[in-house]
Structures are given as structure tokens and as C-alpha cells.
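Enquirer: Residue numbers (my numbering), protein chains in the order written: chain A, 1 to 238; chain B, 1 to 238.
Cut-off 27 Å, straight-line C-alpha distance, at most; resulting in silico cross-link-like pairs (BS3-like, lysine-lysine): (1) A:Lys-182 <-> A:Lys-155; (2) A:Lys-148 <-> A:Lys-182; (3) B:Lys-155 <-> A:Lys-218; (4) B:Lys-148 <-> A:Lys-182; (5) A:Lys-113 <-> A:Lys-4; (6) A:Lys-113 <-> B:Lys-218; (7) B:Lys-148 <-> B:Lys-218; (8) B:Lys-113 <-> A:Lys-218; (9) A:Lys-155 <-> B:Lys-218; (10) A:Lys-218 <-> B:Lys-182; (11) B:Lys-182 <-> A:Lys-182; (12) A:Lys-182 <-> A:Lys-158; (13) A:Lys-158 <-> B:Lys-218; (14) B:Lys-218 <-> A:Lys-182; (15) A:Lys-218 <-> B:Lys-158; (16) B:Lys-182 <-> A:Lys-148.
Covered stretches of chain A, going by a simulated chain B footprint (3 or more residues, C-beta under 8 Å): (17) 165–177; (18) 196–204; (19) 219–233.
Source of the hints: derived by calculation from the structure; they are not laboratory data. A quick note: this is a predicted structure, and the numbers were derived from the prediction, not measured. Ideal Cβ positions, reconstructed from N, Cα and C, are used throughout, including at glycine.
Each chain, letter by letter, is given below.
Number of protein chains: 2
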Amino acid sequence: MTIKEELVNYRDGDVSCEGFFCYDASRTGPLPAVLISHDWSGRNEFAARKARRLAWHGYAAFALDMYGGGKQGKTTEENQALMGPFMADRATLAKRITAALTAVRGLPQVDAKRVAAMGFCFGGLCVLDLARSGADVRGVASFHGLLKPNGLETKPIKSKVLMMHGYDDPMAPPEEVLAIAKEFTAAGADWQMHAYGNTVHAFTNPAAANPSFGTVYKPEADRRSWHSLLGFLEEVLR
Amino acid sequence: MTIKEELVNYRDGDVSCEGFFCYDASRTGPLPAVLISHDWSGRNEFAARKARRLAWHGYAAFALDMYGGGKQGKTTEENQALMGPFMADRATLAKRITAALTAVRGLPQVDAKRVAAMGFCFGGLCVLDLARSGADVRGVASFHGLLKPNGLETKPIKSKVLMMHGYDDPMAPPEEVLAIAKEFTAAGADWQMHAYGNTVHAFTNPAAANPSFGTVYKPEADRRSWHSLLGFLEEVLR
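Work out the full structure: start from the sequences and follow the hints.
Expert: Have a look at this one:
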């Protein structure tokens with residue numbers, strides 16, 4: 001195994017973005033690829049760690065950059081300021097993540113036909129919006145993603161969808177679960193929802209320890225969702 | 001690998017039951033065990049096939065007999081007549097499946113401390129009721145199980161619970177999903193629900209092909225739920 005890591009610049013119009021690319025150079029390519037969409041704090045070490053784990057499993061992993069310039073927030077206020085404009089303009093959000101998809105497809109190590117995407121919290125919403133845009137991507141997997149509808153024109157969803165969800169997540173209550181089930185069924189999606197009881201937001205993040213904010217690490221749900229992810233990637237990319 | 005199969009008689013009061021027991025005799029025991037609870041048609045070949053697959057994976061698998069004498073229905077009417085009394089008397093149902101748990105614990109090949117249970121359709125309800133009874137079993141897994149509450153006194157649920165569910169199952173509509181999530185959360189259960197979109201009842205059964213009755217085989221959900229089951233058994237029994 002020869003894990004390589006590099007920063008890759010790509011553009012969305014005027015905005016220069018900086019992805020973190022990681023793959024096993026000892027494997028015969030081109031490799032199936034997985035986009036990793038960061039949480040509201042930006043393309044952070046958490047996303048890079050997931051990329052390394054996926055590289056170990058044989059995927060070309062690309063931690064994308066929604067904010068441009070590899071920007072990261074350090075406080076709740078900074079994170080909110082970075083995420084807010086995208087939540088308010090979901091068309092721009094879809095355009096930004098589509099630029100990452102185009103970028104990863106152009107990398108020489110990547111098999112452009114075998115690409116999936118995954119994301120955490122805000123990043124979960126980003127990959128769900130990628131699916132909602134009708135993107136030709138094999139699968140998208142959301143970890144404690146926000147489920148709110150994008151308010152844009154409905155398109156047929158071509159990618160398989162796996163949502164992994166803390167049932168007590170205050171940022172994605174049961175009525176939004178019911179709504180997205182209805183929306184994705186109507187869009188013809190091959191979708192799954194794995195809901196974990198007694199689990200709130202950010203359950204994959206060991207640093208999450210804020211019950212009053214609704215963000216708490218839950219090792220059982222972290223392990224179970226990773227197991228589900230690997231099965232899903234195996235299904236859609238092999 | 002030396003897969004052994006045998007019929008095992010056990011009792012629930014006056015009723016003599018006949019389980020199908022299957023395990024790999026070449027493995028060093030005692031083995032972790034999995035009870036398999038049949039659908040409404042009785043302890044059939046479908047349950048036996050699942051037992052053989054689990055034996056291959058290293059579990060002592062016991063396809064239990066809810067109806068006694070290994071009885072099987074051949075028509076919808078016969079199945080309804082066999083299942084009906086248990087649906088009407090959930091305390092008797094719990095007693096009957098508990099007898100199977102006691103029986104499997106007494107088998108010399110079985111590690112009595114490492115037992116889980118799984119079931120299909122009516123059998124899914126049976127294993128959920130086993131968990132609801134407060135049984136000391138490591139985990140229960142339900143495939144397109146009926147979700148209806150048992151109306152009995154609430155007890156703390158000690159076993160981990162995995163429900164695999166067709167989201168369009170007419171026998172377990174969204175309101176029952178919401179209700180069981182609430183019930184199991186209140187009972188302190190470590191529960192998961194894996195819901196599959198565009199999927200109805202009986203999705204694991206290749207013979208199910210009756211859309212108007214709401215029973216249709218779905219190979220994707222069959223494979224995905226089996227993957228989830230194996231991860232779950234690994235988690236609770238190893």
C-alpha cells in the first residue's frame with residue numbers, strides 16, 4: 001500500500017477551490033472515486049481522515065471544498081457565516097458541488113464512470129442536493145445530513161441514496177424524515193434511510209459533546225453507519 | 001466445514017414444538033446462536049435456508065416452531081388461521097417464543113450467553129415481542145416485521161434491535177414506524193430502523209410476487225438487509 005495525499009485546485013466559475021485528494025498508488029487504476037463533503041466548518045481534518053480511510057479501502061477519495069480557498073471556520077459564528085449563503089441559495093450549492101464532481105472525474109487516477117459522494121451534516125445536505133440535481137453519480141451517502149427540501153424544480157434522481165440519521169436529531173425531526181421519504185419516492189430514487197434510536201446530530205464526530213445544541217458523538221452509530229457505508233460503496237462502485 | 005442439520009423437539013407447556021437446528025460441527029464450540037422465527041406459513045424451507053446460511057457463517061442456527069408440531073399452512077386461509085390466535089394473544093406469543101429461547105440455550109453446541117433472534121413478517125413481530133418481553137437476548141433483527149404494539153405492560157428492552165423495513169409496506173405504514181420509534185425509545189432500547197424506499201412487504205422472499213396484496217420480492221433490499229444483519233450479528237454476538 002502506497003497512500004498518496006495531495007491538494008488539488010479546481011474552479012467553480014470565479015471561485016478557486018482546494019480539494020484534498022488521497023489514494024493508494026500501489027493499486028492498478030483507474031480507481032472508483034468518492035467525493036467527501038465536509039460539515040459546516042469547512043474542508044477540515046475530519047474530512048481528510050475519512051479520505052485516508054477510504055483510500056485504504058481502495059477508493060480514490062476527494063475531500064471537496066464548498067467554501068473556496070480551503071476556508072475553515074473556527075467558531076459557531078464563522079461556521080454559520082460560511083454555510084448560511086449556501087443554505088439560502090441551494091442552486092449555488094448544487095453548482096459548487098457539481099464543480100467538485102467534474103474535477104474528480106478529470107483526475108487521471110479516477111475512473112470517471114464510477115463516482116459516489118458522501119457528506120456529513122451540511123455536507124450530507126450537499127450530496128443529497130447533488131442527487132436532487134439529477135447528477136449522474138452512482139450513489140450518495142449522507143451522515144446526519146440536513147434533510148430540508150431545496151425548493152428547486154424536481155428532477156428524476158439517478159443515483160442511489162443512503163441516508164444515515166440520528167432519530168433524535170433536532171436539526172432533522174421526524175416530519176422531515178417523512179417528507180424526504182415522500183420526495184425521494186416521488187423522484188424515483190432507490191433510497192434507504194438508516195435511523196438510529198437515542199442518537200442526535202453529529203454522531204460520527206468524536207469531538208461532538210453538546211447535548212443542549214443536539215450534537216453528541218455516538219460510537220455505536222458511528223461504527224454502524226461506517227459498516228453501512230462500506231456495503232453501499234461496494235454495491236454502487238464495484 | 002461440516003454442516004449438521006437436525007430436528008429438535010422442545011415444549012411450551014402442553015405443546016410440542018419442532019425446531020430445525022443447523023451448525024458447523026467443524027468449529028470449536030460452544031457457538032453463538034441465532035433463533036430464526038418463521039413467517040405466517042410456519043417453519044418452512046425458507047427458514048431452513050436462512051439457518052444453513054447462518055451455519056456457514058459460524059452461528060448455531062435454530063429455526064423455531066411457533067405453531068407446534070412443525071405445522072405449516074398451504075393457503076392464505078390456513079396461514080391466517082395459524083397466525084391469528086397469536087396476533088390476538090400476544091402474551092401467548094411471547095411465551096411460545098421464549099420456550100424456543102430456553103430450548104436453544106440448553107443445546108450443548110450453544111453458548112447460552114450469546115444468543116440473538118431474527119424473524120420474517122409475522123416472525124419479525126415475534127422477535128420484536130421477545131425484545132419487548134424484556135428477554136435477556138443480545139439482539140433481535142426483524143425483516144419486514146409487523147410493528148403493531150403488543151398492548152402488554154411496558155418493560156425495559158435489554159436487547160439491541162434492528163428493524164429492516166420496506167417503506168411502502170402496507171402492513172406497517174409510516175404511522176406505525178413513528179409509533180414503534182417512540183415506543184422503543186421510551187423503553188430505553190438501542191434500536192435501529194433500516195427503511196428501504198419503493199419496497200413493500202416480504203422483500204426477502206423470492207416467491208413474493210403479489211403487488212395488490214403488498215408482497216413483492218426486492219433483490220436490492222434482500223441483499224442490503226442481509227448485509228445489515230451480518231454486521232449486526234457480528235456486533236452483538238462476537
